[in-house]
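Trainee: Here are the chains, one letter per residue:
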Amino acid sequence: MKIKSKLIIFNLITRLLVILVFWLVLPVLVQKVIYRDINKSLVEKKQKFLEHLDKEEINDFMLRNDTTETYASFSTLHSEFLQLSRLPVPFQDKKTVFVDEPRIIEGEQDDYRILKYQFLYEKMTYELEIGSNLAEIKELTFIIRIFVFIVLFFASAVVFALDAFFIEYLFKPFYKIIDTKIRRVHEPETFDHTSINSTTTDFRELDTVLNQMMNRISELFKKEKQFIANVSHELLTPIALMKNKFENLLQNQSLDDDAMDKIVSSLRNLDMLKKIINNLLLISKIDNNQYASNETIDLYPLLYDLVDDLSDRMDDKNIHIDLALQHHYECDGNKTLLHILLYNLMVNAIKYNKSEGSIICKDGYVDEVYFLSIADTGIGMNEAQIGQIFDRFTRINTTEEGHGLGLAIVGSVAAFHQIKIEVTSKINEGTTFVLYFPIKST
Amino acid sequence: MNIIIVEDNQELATEIRDFLSKNRYRCTIANNGAAALEEVAAMDYDVMLLDLGLPDGDGFEILKAIRKSKSRMAVIVITARGELDDKVNGLQLGADDYMTKPFSLTELNARLFAVVRRLHGFVLNELEIHGIVLQLQDYKVSYQGNTISLTKKEFDIFQYLVLNKDRVITRLQLTEHIWGDVLELNSDSNFIDVHVRNLRKKLDKFVAIDWFETVRNVGYRINS
Numbered sequence: 001m002k003i004k005s006k007l008i009i010f011n012l013i014t015r016l017l018v019i020l021v022f023w024l025v026l027p028v029l030v031q032k033v034i035y036r037d038i039n040k041s042l043v044e045k046k047q048k049f050l051e052h053l054d055k056e057e058i059n060d061f062m063l064r065n066d067t068t069e070t071y072a073s074f075s076t077l078h079s080e081f082l083q084l085s086r087l088p089v090p091f092q093d094k095k096t097v098f099v100d101e102p103r104i105i106e107g108e109q110d111d112y113r114i115l116k117y118q119f120l121y122e123k124m125t126y127e128l129e130i131g132s133n134l135a136e137i138k139e140l141t142f143i144i145r146i147f148v149f150i151v152l153f154f155a156s157a158v159v160f161a162l163d164a165f166f167i168e169y170l171f172k173p174f175y176k177i178i179d180t181k182i183r184r185v186h187e188p189e190t191f192d193h194t195s196i197n198s199t200t201t202d203f204r205e206l207d208t209v210l211n212q213m214m215n216r217i218s219e220l221f222k223k224e225k226q227f228i229a230n231v232s233h234e235l236l237t238p239i240a241l242m243k244n245k246f247e248n249l250l251q252n253q254s255l256d257d258d259a260m261d262k263i264v265s266s267l268r269n270l271d272m273l274k275k276i277i278n279n280l281l282l283i284s285k286i287d288n289n290q291y292a293s294n295e296t297i298d299l300y301p302l303l304y305d306l307v308d309d310l311s312d313r314m315d316d317k318n319i320h321i322d323l324a325l326q327h328h329y330e331c332d333g334n335k336t337l338l339h340i341l342l343y344n345l346m347v348n349a350i351k352y353n354k355s356e357g358s359i360i361c362k363d364g365y366v367d368e369v370y371f372l373s374i375a376d377t378g379i380g381m382n383e384a385q386i387g388q389i390f391d392r393f394t395r396i397n398t399t400e401e402g403h404g405l406g407l408a409i410v411g412s413v414a415a416f417h418q419i420k421i422e423v424t425s426k427i428n429e430g431t432t433f434v435l436y437f438p439i440k441s442t
Numbered sequence: 001m002n003i004i005i006v007e008d009n010q011e012l013a014t015e016i017r018d019f020l021s022k023n024r025y026r027c028t029i030a031n032n033g034a035a036a037l038e039e040v041a042a043m044d045y046d047v048m049l050l051d052l053g054l055p056d057g058d059g060f061e062i063l064k065a066i067r068k069s070k071s072r073m074a075v076i077v078i079t080a081r082g083e084l085d086d087k088v089n090g091l092q093l094g095a096d097d098y099m100t101k102p103f104s105l106t107e108l109n110a111r112l113f114a115v116v117r118r119l120h121g122f123v124l125n126e127l128e129i130h131g132i133v134l135q136l137q138d139y140k141v142s143y144q145g146n147t148i149s150l151t152k153k154e155f156d157i158f159q160y161l162v163l164n165k166d167r168v169i170t171r172l173q174l175t176e177h178i179w180g181d182v183l184e185l186n187s188d189s190n191f192i193d194v195h196v197r198n199l200r201k202k203l204d205k206f207v208a209i210d211w212f213e214t215v216r217n218v219g220y221r222i223n224s
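Protein sequence lines correspond, in order, to chains A and B. Going left to right, the first sequence walks through residues 1 to 442 as my numbering numbers them. Going left to right, the second sequence walks through residues 1 to 224 as my numbering numbers them.
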């Protein structure tokens, strides 16, 4: 997951948590605050009531309530009530208490916050109850809860959007570095050295370090390229000279047979030297990324032409080829190199085959990955040999001539094209090379 | 036919000149780019053999200069770099052919023949040897009007030997000509021998002479 997605998700979760916590805690908090307020006002009322209390008033209260020893009064909307009652029990010094109790007033039951207070007046115990209706309070709490929730929700949404926008903006240089710089490490020549425009010092530092690294890499690439060019020139020119001298010498009519043999043998050795140098240079150049890979190559005609080209060599060993490709797979890369890769594999399949043997070429798709397999019925290899075949100068079969570079080239070309090679082999039964081509990015 | 050899290695240039001189070509050697341009300005040349790695700069610059001058001279580029982008570049800039060092002198001879033939507007369309005619345009061979059916490879071998007649052509040279500069080692002998044997059989039916003198285990020669 990308950093920016992670940050955005984290933000989202924290916002939701905050809202959830508020939703749960708010009623408790509101209740606490409101209850304190109600308590305070009830105490004030009690104070006021007691201040004005005298005999007359009590009697006045009591008179109106003829039968019972209780006096009650309430506001018209039942939001508050006051009740004074004479208790038959002796006075116990009780503190003021607050309770939540339901009361029925004029046939309507409501929850009330009630202050209870007992006091002694002229040797009589009275209990004073002052109540405040809680229904409204509950309604109010609910409204506050909803209101706070909505406000929080919208505030969070706005902040979240701002965050997302800012994160996107903040990470833009970072993704630009990845897209335009790191992904192109393999092509130092096309590397973009312009520095990234960002006020974030971390990214600027990353960019600078990357640029420095790429400068070093392209310097090395350039040096190696120069070295390869020099080696080619310095080694191949004397070979060319010797080769041409021998060729001219060969036309000399006065040469005896022995001299002729020696010249031809020298020419053959020179040819070998040339091929080894060319093969090594080829590997270096592939590894040094000196080949363009902007061609689209249909493997079908490439392989059919190749087989046609090699037909006389197969005829020579009476090798039967079973070539039936099902697809016209188009590979992105370098045609010359792919030709060399297939050529080397085919030549190996012929060279290490038995006489009257066969070569089977197949293709297809495994999990959307295109594969091409070349199987021979040749001498085969053991596990240890398979592990070495792509190393330079490894020769599996010493009776066959070769310099052990053919498969090293195959390895390099495959790596260049991101082709995965799978080799299976059984001694005296044959070897199968399977090439898995990369899935194309569209 | 005048040829200018632009090559900084004097010895190599001399070998090429010695070989080509025996083949009715008049050769001049220039060891650097400046000398080559001077020479070209002073005299008419038909073909230039141009080495890209010159001491006084890139051979491509010379190629460009020549093509700018609207000279009809054919240019065969020679390089030791063997770089494929050179090949593309060279042909795009107007090189007529391209050879990689080290090359065979007999191969150079065959390429020169093709270049010169093109230079003269394909006037020469036939080669003749012992009454057998090679029609170069459609790869056909005939004897007194009778077509001799040859495979493409047989034709190529025959033509190569005819172009280099009276010379010993090694199996290696023939292999290189037919299959190109293949990268594997032991790419010689057998296959060439099979083709030559078949070719000989086909030609013998019409003109029964010792067509291809087998020179010990070296190679073949067509005698004129």
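Honestly, the hints are just simulated from the structure, not real lab data. Built from N, CA and C at the ideal position, the CB exists for glycine as well. There could be a bad hint or two in this list.
[Stated by the list, open to error] Short derived list, chain A residues pointing at chain B, Cβ under 8 Å: (1) Leu-50; (2) Leu-53; (3) Leu-241; (4) Asn-244; (5) Glu-247; (6) Gln-251; (7) Ser-254; (8) Val-264; (9) Ser-266; (10) Arg-313; (11) Met-314.
Trainee: Evaluate each hint against the coordinates.
Mentor: How the hints compare with the structure:
1. Hint on A:Leu-50 is violated. Least Cβ distance to chain B is approximately 108 Å, over the 8 Å limit.
2. For A:Leu-53, the shortest C-beta to C-beta distance to chain B is roughly 112 Å, which exceeds 8 Å, and the interface hint is violated.
3. Using the Cβ-Cβ criterion of 8 Å, the hint placing A:Leu-241 at the interface with chain B is satisfied: the shortest such distance is roughly 5 Å.
4. Among the interface hints, the one on A:Asn-244 holds; its C-beta lies about 4 Å from the nearest C-beta in chain B, closer than the 8 Å criterion.
5. Checking A:Glu-247 against chain B: minimum C-beta separation of about 5 Å stays under 8 Å; hint holds.
6. Annotation: A:Gln-251 was flagged as interfacial toward chain B, and the flag holds, the nearest CB pair being 6 Å apart, inside 8 Å.
7. With 8 Å as the threshold, the beta carbon of A:Ser-254 stays out of range of chain B, its nearest partner Cβ sitting at about 13 Å, so the hint is violated.
8. Interface hint at A:Val-264: satisfied, since its Cβ lies 5 Å from the closest Cβ of chain B, which is below the 8 Å cut-off.
9. The interface hint given for A:Ser-266 is violated, since its Cβ lies 11 Å from the closest Cβ of chain B, which is over the 8 Å cut-off.
10. A cut of 8 Å between beta carbons decides the hint on A:Arg-313: the least distance to chain B is about 6 Å, and the hint holds.
11. A least Cβ separation of about 10 Å between A:Met-314 and chain B goes past the 8 Å threshold, and the interface hint is therefore violated.
Violated hints, in rising order: 1, 2, 7, 9 and 11; the structure is consistent with all others.
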